[in-house]
Amino acid sequence: MSFNVVNKFQLKLLEILANCSQIRKNNIRVYFSITQDSQYPFILVKMLQIENLSKFTLETYRLSFEICIFTRSRNLSQALAITDEIHQTLQVNNCHFDQYLVIGIKSPAVNFTDSNDLRVSKTSMNYQATVRKSKKL
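Quick note on numbering: the sequence shown equals residues 1 to 137 in my numbering.
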(Lines of atoms letter the chains of each structure in order from A and count residues from 1; the text may use other names and numbers.)
(Lines give C-alpha, C1' and ligand atoms only; values in the text may rest on other atoms or scores of the structure.)
Protein backbone atom coordinates (compact mmCIF):
# COMPACT_ATOMS: atom_id res chain seq x y z
CA MET A 1 0.00 0.00 0.00
CA SER A 2 1.40 3.36 -1.01
CA PHE A 3 0.41 6.30 1.18
CA ASN A 4 2.03 8.64 -1.34
CA VAL A 5 -1.32 8.62 -3.16
CA VAL A 6 -2.76 10.87 -0.41
CA ASN A 7 -0.26 13.66 -1.03
CA LYS A 8 -0.67 13.41 -4.80
CA PHE A 9 -4.46 13.48 -4.44
CA GLN A 10 -4.29 16.57 -2.18
CA LEU A 11 -2.14 18.39 -4.73
CA LYS A 12 -4.59 17.49 -7.51
CA LEU A 13 -7.49 18.78 -5.37
CA LEU A 14 -5.61 22.03 -4.83
CA GLU A 15 -5.11 22.39 -8.59
CA ILE A 16 -8.81 21.69 -9.28
CA LEU A 17 -10.00 24.13 -6.60
CA ALA A 18 -7.60 26.84 -7.79
CA ASN A 19 -9.29 26.70 -11.20
CA CYS A 20 -12.83 27.28 -9.84
CA SER A 21 -14.05 30.69 -10.99
CA GLN A 22 -15.77 31.59 -7.66
CA ILE A 23 -12.54 30.89 -5.77
CA ARG A 24 -10.39 32.88 -8.22
CA LYS A 25 -12.86 35.76 -8.48
CA ASN A 26 -13.15 36.18 -4.69
CA ASN A 27 -9.41 35.55 -4.10
CA ILE A 28 -10.15 32.73 -1.64
CA ARG A 29 -7.21 30.84 -0.15
CA VAL A 30 -7.16 27.03 0.00
CA TYR A 31 -5.33 25.36 2.92
CA PHE A 32 -4.54 21.82 4.03
CA SER A 33 -4.35 22.88 7.68
CA ILE A 34 -5.77 25.79 9.64
CA THR A 35 -3.54 28.84 9.69
CA GLN A 36 -3.65 31.60 12.23
CA ASP A 37 -5.12 34.96 11.16
CA SER A 38 -6.53 33.70 7.86
CA GLN A 39 -8.56 36.09 5.75
CA TYR A 40 -12.19 35.09 5.38
CA PRO A 41 -13.56 33.38 3.43
CA PHE A 42 -11.09 30.51 3.12
CA ILE A 43 -11.25 26.82 2.27
CA LEU A 44 -9.76 23.95 4.23
CA VAL A 45 -9.18 20.54 2.62
CA LYS A 46 -8.86 17.85 5.27
CA MET A 47 -8.06 14.20 4.60
CA LEU A 48 -10.10 11.95 6.90
CA GLN A 49 -9.37 8.34 5.99
CA ILE A 50 -7.65 6.12 3.45
CA GLU A 51 -8.93 2.61 2.88
CA ASN A 52 -7.00 -0.02 0.93
CA LEU A 53 -9.35 -1.87 -1.45
CA SER A 54 -6.54 -3.49 -3.48
CA LYS A 55 -6.84 -7.03 -4.81
CA PHE A 56 -3.93 -8.90 -6.33
CA THR A 57 -2.15 -6.48 -8.68
CA LEU A 58 -4.96 -3.90 -8.87
CA GLU A 59 -4.17 -1.03 -6.48
CA THR A 60 -7.41 0.67 -5.40
CA TYR A 61 -7.99 3.12 -2.54
CA ARG A 62 -11.00 4.87 -1.05
CA LEU A 63 -10.09 8.34 0.19
CA SER A 64 -12.45 10.16 2.53
CA PHE A 65 -11.93 13.90 2.75
CA GLU A 66 -13.72 17.05 3.79
CA ILE A 67 -13.80 20.44 2.09
CA CYS A 68 -14.76 23.20 4.54
CA ILE A 69 -15.62 26.78 3.64
CA PHE A 70 -15.23 29.29 6.46
CA THR A 71 -17.04 32.63 6.10
CA ARG A 72 -17.61 35.60 8.39
CA SER A 73 -20.95 36.96 9.58
CA ARG A 74 -23.09 34.08 8.34
CA ASN A 75 -22.59 34.84 4.66
CA LEU A 76 -24.48 31.73 3.56
CA SER A 77 -25.15 32.84 -0.02
CA GLN A 78 -21.43 33.16 -0.78
CA ALA A 79 -20.68 29.79 0.84
CA LEU A 80 -23.48 28.11 -1.12
CA ALA A 81 -22.26 29.57 -4.43
CA ILE A 82 -18.76 28.26 -3.75
CA THR A 83 -20.14 24.90 -2.55
CA ASP A 84 -22.20 24.50 -5.71
CA GLU A 85 -19.25 25.23 -8.00
CA ILE A 86 -16.90 22.90 -6.09
CA HIS A 87 -19.51 20.14 -6.19
CA GLN A 88 -20.05 20.54 -9.94
CA THR A 89 -16.32 20.69 -10.63
CA LEU A 90 -15.52 17.57 -8.62
CA GLN A 91 -18.41 15.63 -10.18
CA VAL A 92 -17.47 16.44 -13.77
CA ASN A 93 -13.70 16.38 -13.37
CA ASN A 94 -12.76 12.73 -13.86
CA CYS A 95 -9.08 13.39 -13.33
CA HIS A 96 -5.82 11.53 -13.28
CA PHE A 97 -2.67 12.38 -11.38
CA ASP A 98 0.70 10.75 -11.66
CA GLN A 99 -0.21 7.07 -12.27
CA TYR A 100 -3.61 7.23 -10.53
CA LEU A 101 -7.11 7.68 -11.91
CA VAL A 102 -10.12 8.89 -9.89
CA ILE A 103 -12.78 6.40 -10.97
CA GLY A 104 -15.57 7.66 -8.71
CA ILE A 105 -16.36 10.50 -6.36
CA LYS A 106 -19.44 11.18 -4.25
CA SER A 107 -20.60 13.65 -1.66
CA PRO A 108 -22.84 11.91 0.87
CA ALA A 109 -23.31 14.93 3.17
CA VAL A 110 -23.10 18.71 3.50
CA ASN A 111 -23.19 20.26 6.99
CA PHE A 112 -23.64 23.84 8.19
CA THR A 113 -22.36 25.01 11.59
CA ASP A 114 -21.85 28.37 13.28
CA SER A 115 -19.23 29.24 15.87
CA ASN A 116 -20.33 29.94 19.44
CA ASP A 117 -20.02 33.69 18.94
CA LEU A 118 -21.95 33.46 15.61
CA ARG A 119 -19.20 35.36 13.78
CA VAL A 120 -17.89 32.46 11.69
CA SER A 121 -19.90 29.97 9.64
CA LYS A 122 -18.54 26.67 8.41
CA THR A 123 -19.93 24.75 5.44
CA SER A 124 -18.54 21.19 5.32
CA MET A 125 -18.76 18.90 2.32
CA ASN A 126 -17.80 15.30 2.99
CA TYR A 127 -16.50 13.36 -0.01
CA GLN A 128 -15.36 9.86 -0.82
CA ALA A 129 -13.19 9.21 -3.86
CA THR A 130 -12.17 5.87 -5.30
CA VAL A 131 -8.69 5.99 -6.81
CA ARG A 132 -7.06 3.26 -8.88
CA LYS A 133 -3.49 2.93 -10.04
CA SER A 134 -3.26 2.67 -13.81
CA LYS A 135 -0.31 1.17 -15.60
CA LYS A 136 -1.29 2.84 -18.89
CA LEU A 137 -1.16 6.53 -17.81
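One thing to keep in mind: the hints can contain errors.
As a list, the in silico BS3-like pairs of lysine-lysine whose alpha-carbon atoms are at most 30 Å apart [stated by the list, open to error]:
(1) 46 / 106
(2) 55 / 106
(3) 135 / 25
(4) 25 / 133
(5) 25 / 12
(6) 106 / 133
(7) 55 / 133
(8) 12 / 122
(9) 8 / 122
(10) 122 / 133
(11) 12 / 55
(12) 25 / 46
(13) 135 / 106
(14) 106 / 12
(15) 133 / 12
(16) 8 / 55
(17) 135 / 8
(18) 55 / 122
(19) 106 / 122
(20) 135 / 12
(21) 46 / 8
(22) 133 / 8
(23) 55 / 25
(24) 106 / 25
(25) 106 / 8
(26) 133 / 46
(27) 25 / 122
Quick list of simulated restraints, FRET-style, between CB atoms [claimed, not checked]:
(28) 122 / 88: 34 to 42 Å
(29) 75 / 99: 38 to 46 Å
(30) 101 / 49: 34 to 42 Å
(31) 84 / 2: 32 to 40 Å
(32) 72 / 111: 38 to 46 Å
(33) 36 / 103: 36 to 44 Å
(34) 40 / 15: 16 to 24 Å
(35) 57 / 37: 42 to 50 Å
(36) 66 / 37: 20 to 28 Å
(37) 3 / 40: 16 to 24 Å
Since the hints were derived computationally from the structure, they do not count as laboratory data.
In this text, a Cβ means the ideal position worked out from N, Cα and C, and glycines have one as well.
Do the hints match the structure? See the list:
1. 46 / 106: holds, 16 Å
2. 55 / 106: holds, 22 Å
3. 135 / 25: violated, 37 Å
4. 25 / 133: Judged against 30 Å, a Cα distance of about 34 Å means the pair is violated.
5. 25 / 12: OK: residue 25 and residue 12 at ~20 Å, within 30 Å.
6. 106 / 133: holds, 19 Å
7. 55 / 133: holds, 12 Å
8. 12 / 122: Holds - the C-alpha atoms of residue 122 and residue 12 are around 23 Å apart, at most 30 Å.
9. 8 / 122: holds, 26 Å
10. 122 / 133: Distance of about 34 Å is beyond 30 Å: violated.
11. 12 / 55: The given pair, whose Cα atoms are some 25 Å apart, holds under the 30 Å limit.
12. 25 / 46: holds, 23 Å
13. 135 / 106: Distance of about 24 Å is within 30 Å: holds.
14. 106 / 12: Holds, because 16 Å separates the two Cα atoms, which is no more than 30 Å.
15. 133 / 12: holds, 15 Å
16. 8 / 55: This hinted pair holds, its Cα atoms lying about 21 Å apart.
17. 135 / 8: holds, 16 Å
18. 55 / 122: violated, 38 Å
19. 106 / 122: holds, 20 Å
20. 135 / 12: Judged against 30 Å, a Cα distance of about 19 Å means the pair holds.
21. 46 / 8: holds, 14 Å
22. 133 / 8: Holds, because 12 Å separates the two Cα atoms, which is no more than 30 Å.
23. 55 / 25: violated, 43 Å
24. 106 / 25: holds, 26 Å
25. 106 / 8: holds, 19 Å
26. 133 / 46: holds, 22 Å
27. 25 / 122: holds, 20 Å
28. 122 / 88: 34 to 42 Å: violated, 21 Å
29. 75 / 99: 38 to 46 Å: Since the Cβ atoms of residue 75 and residue 99 sit about 40 Å apart, the hinted range of 38 to 46 Å holds.
30. 101 / 49: 34 to 42 Å: Violated - the Cβ-Cβ distance for residue 101 and residue 49, about 20 Å, lies outside 34 to 42 Å.
31. 84 / 2: 32 to 40 Å: holds, 33 Å
32. 72 / 111: 38 to 46 Å: Cβ of residue 72 to Cβ of residue 111: about 18 Å, so the range 38 to 46 Å is violated.
33. 36 / 103: 36 to 44 Å: At roughly 38 Å between Cβ atoms, residue 103 and residue 36 fall inside 36 to 44 Å, so the hint holds.
34. 40 / 15: 16 to 24 Å: Given a distance of about 23 Å, which is inside 16 to 24 Å, the answer is holds.
35. 57 / 37: 42 to 50 Å: Distance hint for residue 57, residue 37 holds at roughly 48 Å.
36. 66 / 37: 20 to 28 Å: holds, 22 Å
37. 3 / 40: 16 to 24 Å: At 32 Å between Cβs, range violated.
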